[in-house]
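Colleague: These are the residues of each chain, in order.
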Amino acid sequence: MGWAIALHGGAGDIPRSLSPDRRLPREAALRHCLQLGVSALQSHAHPLDVVELVVCELENHPQFNAGKGSVLTTDGTVEMEACIMDGKTMRCGAVSGLTTVVNAVSVARLVMDKTPHIYLGFQGAEAFAREHGLETVDPSHFITPENIERLKQAKEANRVQQDEKSEVLAANGGSGDSQIGTVGCVAVDRDGNLATATSTGGLVNKMVGRIGDTPVIGAGTYANSYCAVSATGRGEAVIRATVARDVAALMEYKGLSLQEAAAYVVGERVPQGTAGLVAVSASGEVTMPFNTTGMFRACATEDGYTEIGIWPTEQE
Amino acid sequence: MGWAIALHGGAGDIPRSLSPDRRLPREAALRHCLQLGVSALQSHAHPLDVVELVVRELENHPQFNAGKGSVLTTDGTVEMEACIMDGKTMRCGAVSGLTTVVNAVSVARLVMDKTPHIYLGFQGAEAFAREHGLETVDPSHFITPENIERLKQAKEANRVQVIAQQIDYTQPIKQDEKSEVLAATGGSGDSQIGTVGCVAVDRDGNLATATSTGGLVNKMVGRIGDTPVIGAGTYANSYCAVSATGRGEAVIRATVARDVAALMEYKGLSLQEAAAYVVGERVPQGTAGLVAVSASGEVTMPFNTTGMFRACATEDGYTEIGIWPTEQE
Numbered sequence: 001m002g003w004a005i006a007l008h009g010g011a012g013d014i015p016r017s018l019s020p021d022r023r024l025p026r027e028a029a030l031r032h033c034l035q036l037g038v039s040a041l042q043s044h045a046h047p048l049d050v051v052e053l054v055v056c057e058l059e060n061h062p063q064f065n066a067g068k069g070s071v072l073t074t075d076g077t078v079e080m081e082a083c084i085m086d087g088k089t090m091r092c093g094a095v096s097g098l099t100t101v102v103n104a105v106s107v108a109r110l111v112m113d114k115t116p117h118i119y120l121g122f123q124g125a126e127a128f129a130r131e132h133g134l135e136t137v138d139p140s141h142f143i144t145p146e147n148i149e150r151l152k153q154a155k156e157a158n159r160v161q162q163d164e165k166s167e168v169l170a171a172n173g174g175s176g177d178s179q180i181g182t183v184g185c186v187a188v189d190r191d192g193n194l195a196t197a198t199s200t201g202g203l204v205n206k207m208v209g210r211i212g213d214t215p216v217i218g219a220g221t222y223a224n225s226y227c228a229v230s231a232t233g234r235g236e237a238v239i240r241a242t243v244a245r246d247v248a249a250l251m252e253y254k255g256l257s258l259q260e261a262a263a264y265v266v267g268e269r270v271p272q273g274t275a276g277l278v279a280v281s282a283s284g285e286v287t288m289p290f291n292t293t294g295m296f297r298a299c300a301t302e303d304g305y306t307e308i309g310i311w312p313t314e315q316e
Numbered sequence: 001m002g003w004a005i006a007l008h009g010g011a012g013d014i015p016r017s018l019s020p021d022r023r024l025p026r027e028a029a030l031r032h033c034l035q036l037g038v039s040a041l042q043s044h045a046h047p048l049d050v051v052e053l054v055v056r057e058l059e060n061h062p063q064f065n066a067g068k069g070s071v072l073t074t075d076g077t078v079e080m081e082a083c084i085m086d087g088k089t090m091r092c093g094a095v096s097g098l099t100t101v102v103n104a105v106s107v108a109r110l111v112m113d114k115t116p117h118i119y120l121g122f123q124g125a126e127a128f129a130r131e132h133g134l135e136t137v138d139p140s141h142f143i144t145p146e147n148i149e150r151l152k153q154a155k156e157a158n159r160v161q162v163i164a165q166q167i168d169y170t171q172p173i174k175q176d177e178k179s180e181v182l183a184a185t186g187g188s189g190d191s192q193i194g195t196v197g198c199v200a201v202d203r204d205g206n207l208a209t210a211t212s213t214g215g216l217v218n219k220m221v222g223r224i225g226d227t228p229v230i231g232a233g234t235y236a237n238s239y240c241a242v243s244a245t246g247r248g249e250a251v252i253r254a255t256v257a258r259d260v261a262a263l264m265e266y267k268g269l270s271l272q273e274a275a276a277y278v279v280g281e282r283v284p285q286g287t288a289g290l291v292a293v294s295a296s297g298e299v300t301m302p303f304n305t306t307g308m309f310r311a312c313a314t315e316d317g318y319t320e321i322g323i324w325p326t327e328q329e
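Line by line, the protein sequences give chains A and B. My numbering numbers the first residue of the first sequence as 1 and each following residue consecutively. My numbering numbers the first residue of the second sequence as 1 and each following residue consecutively.
The following block holds chain A by itself, in its conformation from the complex:
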């Protein structure tokens, strides 16, 4: 039983034709974030600190849909949300509707550590972050040209991203760049301490005020003494299926293994093409199932296993 870590940069319709200039930087980021997390675990950092550290790094990367690089609301603004949970104590923190705070996951951590609450939203969350001296910037900091373009295309298609894939691909000018979903990280140390964190800008062209699965404990994020889970995909589908909670519930209530539980939830409980997740168990197992075309992901275990990928490996 050793440590294990897994992280994701979003699941979705990521076409195999993804151009190198869009694929390589993301693969490099996954590799970099994985190494950050592995080093922290090797230095005996607590999994809560590990997942926060890794998710902050993913938030700062402009090509993932969280922090800088978040997709835009229908008003062309950014509204970020995040969540963090500790498996042993089941303490958790969540935020929605952040517009100026550089690292949403750190606000979620502070809500968990410094308030009697779990979840703060919008202006209240922003005020809380400022009171605690978290770094804030002008809202324009988070907006990237790619996301301005995505919003334009989504409006032209007159629908929220994620349906009628081929039309969207065409609308994207064939780039097929489907940077969607979320970022997240799960980790377990040698003592079985589990933690998870997820962060996102949400859904392209979402209604102002729309909250997805990420900050909904039990949907996009969940950890207890059995496992830690971070999900990604179509937020509404992940909420209905209470994806993260169900992985743990299947382990506890039906005695399934981590892999069996996760595969079942992703394979049978959400519609095809809508979800993926990363999860680790108390005994150091790791799994990264997805039912979408691809999922930006990486994992490593203490016994030396490492995987970085986007599309299914041949065995899958």
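One should not assume that every hint holds.
In silico lysine-lysine, DSSO-like type, Cα no more than 30 Å apart, as pairs [said to hold, decoys possible]:
#1 Lys114/A to Lys152/B
#2 Lys114/A to Lys155/B
#3 Lys152/A to Lys114/B
#4 Lys267/B to Lys88/B
#5 Lys254/A to Lys88/B
Chain A is nowhere near these chain B residues, computed Cβ spacing over 10 Å in every case [said to hold, decoys possible]:
#6 Ser17
#7 Arg23
#8 His32
#9 His44
#10 Lys88
#11 Pro145
#12 Leu216
#13 Thr255
#14 Glu273
#15 Asn304
#16 Gly307
Computed from the model, here is a short list of chain A residues facing chain B with C-beta under 7 Å [unchecked claim]:
#17 Met90
#18 Ser96
#19 Ile118
#20 Tyr119
#21 Phe122
#22 Gly209
#23 Ile217
#24 Ile239
#25 Tyr253
#26 Lys254
Simulated from the structure, these hints should not be mistaken for lab results. Quick reminder that beta carbons are idealized off the backbone N, C-alpha and C, glycines included.
Since the structure of chain A is provided, determine the placement of chain B on it from the hints.
Modeller: Just chain B now, with coordinates in the frame of chain A:
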């Protein structure tokens, strides 16, 4: 297999010394809302419409913590949230941070019916409600003198209501200081806390749930509780419909509503067994209660607090209205 309905007006440290002027209006409201729901089911209304109707009525009642009569944030304002879910389709809707809309549960219903989303919060939710013509009022409409007093007491006690194992949204004290608070509140011992909610099932096994709340007394501005968190305070699928109440943070951690259904599905427990287990073993004593109905028309209303304002009825004639545990419990 017939219809069944259950509703609650909040679980918490409701003292048996609750004065008649505070107990009787609530019992009458529970009776009235139960009858509304029963009549609707007898008229073959869909459970989604039934739970929305009943929760709207509870929201409008000023002595329950939802809509008018909502507890106040630390700034003295009202921020309301609600949730609704359909068991058969698992469509759902949720809202948080409403300040002017008269019936939060109806906004949640509209989010479910009229948008590609599930959950809208704060200004976005308010704007959406207005666009759809829902009734809005000045924020002061929701504020009652009782809640201004409760906030004052909570601030004097200098802590958020409901700490640790205690669940008392109105009394800023531990169990041994109850007498001081009772004195401070003029002996009323009024513990109107929690949430309001309703679950219903019709003869065809269609299940629905709805929950609505003003949240926690003296809560931080922007604090979201369990009510709009699908799987925590509200959940329905083909097995059952659940609406929970109590200490929001505890209900979220324990994913109360989802776990009742998960235990039925994954462990084969009955509705009563699953609900009793969740309330008895998965949340700290004194922090939660729930109402639930199953697809086959069973009903259960467990709670681990001093009391829970509740009522239920089934097609075969069973009716119950109560606040404290019945002798069998």
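Colleague: For each hint given before, does the structure comply? Return the numbers of the non-compliant ones in rising order.
Modeller: Failing hints, ascending: 12, 13.
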